Amino acid sequence: MIESKKIGIILRHAPYGNSFAQEALDATLAVGLFGQQLSLIFLGDGIFQLLKHQQASAINQKTFSKQISAFELYDIERIFVCAQSLAHRDISTDSLCIDVTCLAPADIKKIMREQDTLLSF
Amino acid sequence: MNFSLLITSPPSSQASYSAYQFARALLSQKHSLYRVFFYHDGAYHGSSIQCVGQDEFDLSEAWEALQKEYTFDLVVCIAAGLKRGIINTTEAARYDKQQHNLSEHIELSGLGQLADAAACSERLITFGGSCG
Chain A
3 MIESKKIGII LRHAPYGNSF AQEALDATLA VGLFGQQLSL IFLGDGIFQL LKHQQASAIN
63 QKTFSKQISA FELYDIERIF VCAQSLAHRD ISTDSLCIDV TCLAPADIKK IMREQDTLLS
123 F
Chain B
211 MNFSLLITSP PSSQASYSAY QFARALLSQK HSLYRVFFYH DGAYHGSSIQ CVGQDEFDLS
271 EAWEALQKEY TFDLVVCIAA GLKRGIINTT EAARYDKQQH NLSEHIELSG LGQLADAAAC
331 SERLITFGGS CG
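Read top to bottom, the protein sequences are chains A and B.
My numbering puts the first residue of the first sequence at 3, with every later residue one more than the last.
My numbering puts the first residue of the second sequence at 211, with every later residue one more than the last.
So that you can see chain A by itself, here it is in the shape it has in the complex (with noise of 0.2 angstroms):
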């Protein structure tokens, strides 16, 4: 078993455009198998990725929102949400497929402080 450390995954793409947030996503449930403590920062336009009512089969793509609801299911529940990011893009939390704790920038830095390694997608 592999060390245990606070990783905390930044994802600030937008889904669906290229397969950049998909390989993120990924790679946060391949981390989070790995029994890492896992907190996700969601930034910038990386917030649509959690959006509802996403239907990405008619683009040939996996659906975002479907592959996010299953998080609870790898345990990963530090879920962050910056909330200049929600304001700029006039997206209220209602608008989300799952439970977030949107923070101030400021705020969200101290969680960023806080981990022992970011891995930035």
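To be clear, the hints were calculated from the coordinates, so they are not data collected in a lab.
Watch out, some of these pointers could steer you wrong.
[As the list claims (entries may be wrong)] Not everything, but these chain A residues come out facing chain B in the computed CB check (under 8 angstroms):
| # | residue |
| --- | --- |
| 1 | Glu5 |
| 2 | Phe22 |
| 3 | Glu25 |
| 4 | Ala29 |
| 5 | Val33 |
| 6 | Phe36 |
| 7 | Thr119 |
| 8 | Leu121 |
| 9 | Ser122 |
| 10 | Phe123 |
The model shown is predicted, which means the values in this text are computed figures rather than measured ones.
For glycine and all other residues, C-beta sits at the position ideal for the given N, C-alpha and C.
Given chain A, put chain B in place with the hints provided.
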């Protein structure tokens, strides 16, 4: 200090050159490099059949030389690699493909190697994270 690198950009990106230069700099300053994990389009680093122009820097050759000098892991994510046509003999046989192209000095392995690098290194530095 013990470092690992996560490279998500292809060899055509400046970020990939910066990653190599960073690796060289840290090794020359007596730090150690545990693993370089190529993910996303970084998987293209695994191709042994890429040919660069005669007057251009050969990144693949440079990584190989650096690895020979200092010894560290060069790992292409197997899922990311296979999707992009980066494949070794074992996987070519498994998926019934006629060709294989993985560079000899690079391994094809799972995302567990990234989790392990994150857990075992004092610093994990991402290159190419903002592309795309």
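Here's how the hints hold up against the structure:
no.	hint	in the structure
1	Glu5	holds, 5 angstroms
2	Phe22	holds, 5 angstroms
3	Glu25	holds, 5 angstroms
4	Ala29	holds, 6 angstroms
5	Val33	holds, 4 angstroms
6	Phe36	holds, 4 angstroms
7	Thr119	holds, 5 angstroms
8	Leu121	holds, 6 angstroms
9	Ser122	holds, 4 angstroms
10	Phe123	holds, 6 angstroms
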